[in-house]
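Residue numbers (UniProt numbering), protein chains in the order written: chain A, 1 to 297; chain W, 1 to 297; chain X, 1 to 297; chain G, 1 to 297.
Treat the hints as calculated values from the structure; they're not laboratory data.
Remember, it's a predicted structure, so these values are computed and weren't measured experimentally.
Check each hint, because a few of them may be wrong.
Since the list gives no way to pick one copy over another, a pair counts as held whenever it fits inside one copy or between any two copies.
As the list claims (entries may be wrong) - Listed next, the in silico PhoX-like pairs over lysine-lysine satisfying Cα-Cα at most 25 Å (straight line):
{"id": "1", "residue 1": "K227", "residue 2": "K202"}
{"id": "2", "residue 1": "K202", "residue 2": "K149"}
{"id": "3", "residue 1": "K80", "residue 2": "K98"}
{"id": "4", "residue 1": "K235", "residue 2": "K193"}
{"id": "5", "residue 1": "K227", "residue 2": "K296"}
{"id": "6", "residue 1": "K98", "residue 2": "K227"}
{"id": "7", "residue 1": "K296", "residue 2": "K85"}
{"id": "8", "residue 1": "K162", "residue 2": "K193"}
{"id": "9", "residue 1": "K235", "residue 2": "K10"}
{"id": "10", "residue 1": "K149", "residue 2": "K42"}
{"id": "11", "residue 1": "K193", "residue 2": "K98"}
{"id": "12", "residue 1": "K10", "residue 2": "K296"}
{"id": "13", "residue 1": "K193", "residue 2": "K40"}
Protein chains: 4
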Amino acid sequence: MKVGLIGLGKMGLNLGQNLMDHNHSVVAFDLNTAAVEDMKSKGAEGAASIKELVSKLETPRIVWIMVPHSVVDSVLDELKPLLSKGDIVIEAGNSHYKESIERYNQMKEFGVSYLDVGTSGGMEGARNGACYMVGGDQEAWDIVEPIFKDTAVENGYLYAGKSGSGHFLKMVHNGVEYGFMAAIGEGFEVLEKSDFDFDYEKVARVWNNGSVIRSWLMELTEKAFAKDANLDEIKGIMQSSGEGKWTVETALDLQTATPVIALSLLMRYRSLENDTFTGKVVAALRNEFGGHAVVKN
Amino acid sequence: MKVGLIGLGKMGLNLGQNLMDHNHSVVAFDLNTAAVEDMKSKGAEGAASIKELVSKLETPRIVWIMVPHSVVDSVLDELKPLLSKGDIVIEAGNSHYKESIERYNQMKEFGVSYLDVGTSGGMEGARNGACYMVGGDQEAWDIVEPIFKDTAVENGYLYAGKSGSGHFLKMVHNGVEYGFMAAIGEGFEVLEKSDFDFDYEKVARVWNNGSVIRSWLMELTEKAFAKDANLDEIKGIMQSSGEGKWTVETALDLQTATPVIALSLLMRYRSLENDTFTGKVVAALRNEFGGHAVVKN
Amino acid sequence: MKVGLIGLGKMGLNLGQNLMDHNHSVVAFDLNTAAVEDMKSKGAEGAASIKELVSKLETPRIVWIMVPHSVVDSVLDELKPLLSKGDIVIEAGNSHYKESIERYNQMKEFGVSYLDVGTSGGMEGARNGACYMVGGDQEAWDIVEPIFKDTAVENGYLYAGKSGSGHFLKMVHNGVEYGFMAAIGEGFEVLEKSDFDFDYEKVARVWNNGSVIRSWLMELTEKAFAKDANLDEIKGIMQSSGEGKWTVETALDLQTATPVIALSLLMRYRSLENDTFTGKVVAALRNEFGGHAVVKN
Amino acid sequence: MKVGLIGLGKMGLNLGQNLMDHNHSVVAFDLNTAAVEDMKSKGAEGAASIKELVSKLETPRIVWIMVPHSVVDSVLDELKPLLSKGDIVIEAGNSHYKESIERYNQMKEFGVSYLDVGTSGGMEGARNGACYMVGGDQEAWDIVEPIFKDTAVENGYLYAGKSGSGHFLKMVHNGVEYGFMAAIGEGFEVLEKSDFDFDYEKVARVWNNGSVIRSWLMELTEKAFAKDANLDEIKGIMQSSGEGKWTVETALDLQTATPVIALSLLMRYRSLENDTFTGKVVAALRNEFGGHAVVKN
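So here's chain A without its partners, still in its complex pose (with noise of 0.2 Å):
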């Protein structure tokens, strides 16, 4: 198939190679001309715009956009004008499903399709094997099942339903995964304050091999400590780009109890600081009742 794929980010480079590896032609466009230039060095066609971009695909068109979940309702913009009835938008970023379920609903009104992607493996999975959450109509996908087939790994994609379906699943994955990170990092802090004196690269790599919780969270954990056998290089600040807030949010709208995704959550953002207020204010109370001593700044 041909494939119009707009954004080259870290994700979009290896997706683009991936694809073609698959003998699909991509058409592929983004503002950074020399990412531009290096998928045609790779056997793209290059667009110097959107435009262009949509000028050389073949009806039905297939648009996939792969660029930040902020700069999506701008390309739709551009792209609403250029598309015709039957036309398939595939939007693989890590979108929110409800801004999803918008965009799906402004396409129809231009007939054309929009399928939300949650796509998960990180920069290795998209340049081998992905694994993909898609949401929207039922007759698009059937039309685009192949390229996803192709650029995922076995068993790895799955039309999980109505407009939103997609994005929700990959939404709750992240979920899931802070719970998992946390798990783990609490498991090795319990090590490290523990008088025995582990290896935690071995701790790893036994973990991952015949028990209960090996994962390829674990994997990385193994070769993070390859790297830097005690993380001392780096310092503690664990970001987070979203989706476990969405999760957070989603789950509160439910009604739903999730301590375990919800305390991963806070312990990030606990990590952004080196004091709070908290701390400060009960501090200041056990000093008021018990004379306990604080300390100043």
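Following the hints, put chains W, X and G in place on chain A, whose structure we already have.
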């Protein structure tokens, strides 16, 4: 009544005065002779040793121990050979209720009654009206009730039942206290992170007058902010002295879900760290799978 | 002062009487005509419509809205064409502070001042002395301060600053309240699971006299146990009316770690369920890897 | 090697076969004689008592204990007089690491080496390739390493260091496992509460192929949903067998903030209750201050 008071620290000194205010006579002992002199200057009889203290009491002797829980056993070891059947030992520090039950059983072998007393209200309470939770034998309680009635605030004492129940109640009281303090702290942290410009002392005052959360701890919050409007001068390091941990351990033993008390404790531990191994692991993992930058140490 | 009072539910009726006790005159309206008659019997002027209510006020008109937050907008829609430059609207229900800011901006277009007022203290407070947290323009506040001063308990009102700050403070107040209540509940649950035999009413009383956790909520705990010694008659279903959820959502937006408030909310949601899907999944997994028996439905 | 295997339950039987598959000879004992016969039919030598078992081993004897942790001490009491200097005891059940250290010290008095071995991977692992974490003396380890190497999966064993480190690692492993399981459960609960219509087996499959959270537990999740699509047949009661609790207790002793592991445990306890006293107290309080209706029992 005549009371032998062992332990003249912050709590003991105040309690001794409180007892004498209510026409009880006090025989006071502490390893710190200056404290004994201080009590003498306020009207107490002094003792140079536990032996002397015991010799100055009348049968049935009433010995009130107000020492750190780590030294209770050594005090009891000294007392055991000196006391007789019918004497009453009151241990009013922050001991673990299980230890109190063991001590009760030990003293029972000598025919000595042992009351475990949880004391709340801080130094000011000890001086002017404390809050007591008492466990042990009813017969011993009936004898000493007057001294509790006199030194407590109105309705501020409770004979809670069999041995251990006093310190158990106090332990759980402190667990609840941890939760209150954390909730107050978190509330003010949300205020502090907002883009409103609150005067925290005034907020504590209004929350303390007519609101649902009016409480002594909110009064103390107001006082703390009155001294240091934004708590700029103190660090948010939240020490703990044991009862909160015991409450959580007890909850685990009883298979009781106490997430609020547990988290108020865990966040205290978190506040003791500048950085965490959990954070390092999570940051390293995010780098491994997503290429997210880590902050270097 | 003359106040137009819209909304004569549990809170409005009590507030109306409170206003009249302090020599303010009240024009009262509610869709429920019986409630209007009730207020009239207590000395208020009645109104058969919002239009009539407005017509009975003097410039600058003071309209106090005390309705569920879901109907505030429809009340404002009716009010807008009826009010004039300089009039003051007081909204003293439990609205989200962001909505209050939007309403403030809408009313400002008409030259009408809009004060967002968080009200605490329950029905009894509304009747005899409430607690108010007020946001909005200082000039409007200066005009109406006397009616707040008169109907609040001493020190029980605070002009907190710009629009939204009143409801923000009240929201966070309720978040803290969730934490207090959960901490109290957890404490009593530990008592209840222990093998001691506590009299909960007496425990609440002693904890409320001289202890660190003495508070209005502990007074209410005592009252509740006085009515039903072991709370045998009620189910532990913890409903919630929104402010706790808003507090957590706001904390997430501000990247603030509020585990205690968050967990007190999540456990309320958990209490709405007889069984959970989380539990089913975990039980099924234990069966898969360890052969642990599951309980059949 | 020749191994005396005490304990022929689910784990022991599988391990015995695994040992024999790798040309080790097994002398088997269990109080359940049918299990001994079973092992004999598979090629093991049987023993009618621990004494007989020991008598059939060659010096240095290797005794592998695979019994519930509550009966380890009674097995050791029988073994002590029968073993000689240089013999090696392997205890591969789920004992608390502190007990293992005590047992190590006890056995050391007899000159017997004691290895504490955490075993993961479930019954299937025991049969075809387990995961072992081993603590104890290096010299003893060097002797028995071959039998661990043969019965583990590749890279599935680790000599972790001094006595206790094996069971410590296994304990923390299980703590992490609790976190993983809770995160998976919470994720599916969010899916289940949403208004999408997910096929959970397919979701587990796609999350297990190429995604960041691919893991053995996700494989088991897929299997569980394959058997019962919505887990309608089982109750969400989450039992626990101790290691998660030990992990949290250890974290408390080490002053380590492990909120995710702690909450995964507390929610297991919550799942054992139909109703909670916490809930009753909170519901009663809401009724007291706000007149909110309670649900009657």
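- Can you list which hints this structure breaks, lowest number first? Hints 6, 7 and 13 not satisfied by this model.
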